[in-house]
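Asks: Each chain, written out:
2 protein chains.
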Amino acid sequence: MRLTAEQLARFDRDGYLFFPSLFTPEEVKVLTDEVPRLYAVRRPENVREKGSDAVRTNFAAHLYSEPFARLARHPRMIDPVVQVFDEAVYMHQFKINGKMAFDGDVWQWHQDYGTWVNDDLMPEARAMNVAIFLDEVNEFNGPLMFIPGSHKQGVIPAGHDTSTTSYPLWTIDKDTIAQLVAQGGIVAPKGPAGSMILFHGCLVHASTSNLSPWNRVSVYLSLCAVSNHIRRFKRPEYIAHRDFTPIATLPDDCLLRPYPVDLPWKDGTPESAYETGKAAA
Amino acid sequence: MRLTAEQLARFDRDGYLFFPSLFTPEEVKVLTDEVPRLYAVRRPENVREKGSDAVRTNFAAHLYSEPFARLARHPRMIDPVVQVFDEAVYMHQFKINGKMAFDGDVWQWHQDYGTWVNDDLMPEARAMNVAIFLDEVNEFNGPLMFIPGSHKQGVIPAGHDTSTTSYPLWTIDKDTIAQLVAQGGIVAPKGPAGSMILFHGCLVHASTSNLSPWNRVSVYLSLCAVSNHIRRFKRPEYIAHRDFTPIATLPDDCLLRPYPVDLPWKDGTPESAYETGKAAA
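Order-wise, the sequence lines are chains H and V. Going by the numbering used here, the first sequence opens with residue -11, and the numbers climb by one from there. Going by the numbering used here, the second sequence opens with residue -11, and the numbers climb by one from there.
Chain H extracted, bound-state conformation (with noise of 0.2 Å):
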């Protein structure tokens, strides 16, 4: 899967590309298929919502999940992102954001580089944040709202929100957000589920709460140009890996086929994931 050169500008000139059904509902299902299991468990890697049991993300379960493992190392999901680049990527973050039936709650306008940026020390805004659809996205399950050409700002100076939801996240002022929203408007890419979305580093973003009741299960990964590796290991290890080895892909039918794949933390998070404030190796 290469990328056009209309892709390329309007991915310039956007902040986002946007590819409904990428991945067929017989693919998709492999995944929607093991999040129960995944969700159910307690451990640090479920984030749960605000006075309520349901999961708000889920981190690293590419590293303990074989459906997952696979999704990470997809060529319809890598090779374009590769391609942006002209790089090799390793995976720096890996959630699995629930945004459940009733229960799913807001996210605040934010930059998740800014965040890379000031806890990780991740050099430049060289990491593609992908998005991938387990449920229909509708105009009532919270969508994914952008602010077009956003990302062209750089890094936006914003605060630590750790009130707000159950997750702490640095969102931007709200005079901020109206500039940027009248020069670029907002835009919510809606599809079925196995649509993918790419999205700068720097694109402003949120989403509403989800009152309906349809869960909107999302995979959001990030990955980053191999070069580009975080330098500070502030933050615990299964929110920003550690591990800059280059991914390699596997053939387009993964999802499809039991490909062997390396799950090191299938027996449990090893206590070293768990801890902060470490200088990179």
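Treat the hints as calculated values from the structure; they're not laboratory data. Just to be clear, a hint being listed does not mean it is correct.
Since the list gives no way to pick out one identical chain from another, each pair is judged satisfied if it fits inside one copy or across any two copies.
Dumping the calculated DSS-like pairs for lysine-lysine here, alpha-carbon to alpha-carbon at most 27 Å [to be verified]:
{"no.": "1", "residue 1": "Lys162", "residue 2": "Lys17"}
{"no.": "2", "residue 1": "Lys162", "residue 2": "Lys178"}
{"no.": "3", "residue 1": "Lys222", "residue 2": "Lys17"}
{"no.": "4", "residue 1": "Lys38", "residue 2": "Lys162"}
{"no.": "5", "residue 1": "Lys222", "residue 2": "Lys178"}
{"no.": "6", "residue 1": "Lys17", "residue 2": "Lys178"}
Given the structure of chain H, go ahead and fit chain V onto it with the hints provided.
Replies: Just chain V, lined up with the frame of chain H:
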């Protein structure tokens, strides 16, 4: 303005009717120009959002604001409701809901008639909800969501939610919502400022938070058939009105010309309007 047989059949089936751009921008401006003054006042009629100073809902402006007093007598709104009930109507409740940019919080799934019958002892669901958009309503600023056909269920058991937001509400449980949505889906009428929705007192509705930089101020009022007036004054009068006088409409240009209107609370809300727990006279 007469509803057609087709519109009446649609209202019966779906529980709502949508009239895009029923009021002109010039008419809407008369109303929106008045809102900041109303929202700035510190009186119990202004309920503010949890954890923010933004107004969530303002009550009874038709009794102390001239533009809204004229809106409350507008034939484009009153006549179709009188037609549906085949009877004169009085103003049961009058709100200007903020759903302000960034701060507007959710309204969980509920029916209005559930409150009217339980708290106010309103005999039947012969009261119509009216929503008039004072701002454009789009997919990003927390549009009202309906479950079409849900009004056919009559009063659905509900629990009193006093924690989610700053305004207590009788809300419906998740399993029931999931069943109703499986039958009727969800719709969210969107359109320019000046649009109007009529919806049945038993129609199940909700709205999400507004993370956008666009206010979504709407007038929500309830017109009750006069013979169906409430039988108990449990809630304060500024929330559930006790004056059952039939509304006499003004001419169609009443928002643009200074027809005289009574403003009984112009110099302050009477103490009696804050009293609760009274039996009807």
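Asks: For each hint, tell me whether it holds in the structure or not.
Replies: So, going through the hints one by one against the coordinates:
1. Lys162 x Lys17: This pair counts as between: shortest inter-copy Cα distance 25 Å, intra-copy 39 Å.
2. Lys162 x Lys178: both (25 Å within a copy, 24 Å between copies)
3. Lys222 x Lys17: neither (35 Å within a copy, 53 Å between copies)
4. Lys38 x Lys162: Intra 23 Å, inter 18 Å, cutoff 27 Å: intra and inter.
5. Lys222 x Lys178: neither (35 Å within a copy, 45 Å between copies)
6. Lys17 x Lys178: Classified as within: same-chain Cα gap 19 Å, cross-chain 34 Å, threshold 27 Å.
Hint compliance for this structure: hints 3 and 5 are not met, and every other hint is.
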